[in-house]
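In terms of our numbering, the sequence shown opens at residue 546 and continues consecutively.
Watch out, some of these pointers could steer you wrong.
What follows is a list of derived Cβ distance ranges for each label pair [claimed, not checked]:
1. 569 / 604: 33 to 39 Å
2. 571 / 606: 21 to 27 Å
3. 570 / 611: 25 to 31 Å
4. 610 / 569: 30 to 36 Å
5. 609 / 569: 28 to 34 Å
6. 598 / 573: 32 to 38 Å
7. 602 / 571: 25 to 31 Å
I should point out that these hints are in silico values taken from the structure, not numbers from a laboratory. Backbone N, C-alpha and C define an ideal beta-carbon position, used for all residues, glycine too.
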Amino acid sequence: MRETVASHPTKQAILRVHPEFLSVRDSNGSSLDFQALRHTCGAWLALAGVHTKTIQSVMRHKDVKLTLDT
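Starting from the given sequences, assemble the full structure and let the hints guide the process.
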């Protein structure tokens, strides 16, 4: 099995390293997911006043429009 796709770790590789991630729940009992964590990261960076191009780079978005629409 591949450990990375385009230099990013695969979901399976991450879950092997952190199996407890599957059992993490929020206060409503919903499971957490990587997209929610990514979105939160981008939102917090924006709220902190980080430049849009920097957020684009951190989020690895190809087009800044995606960063602005997220």
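query = Looking at the structure, which of the earlier hints fail to hold?
reply = Failing hint: just 1.
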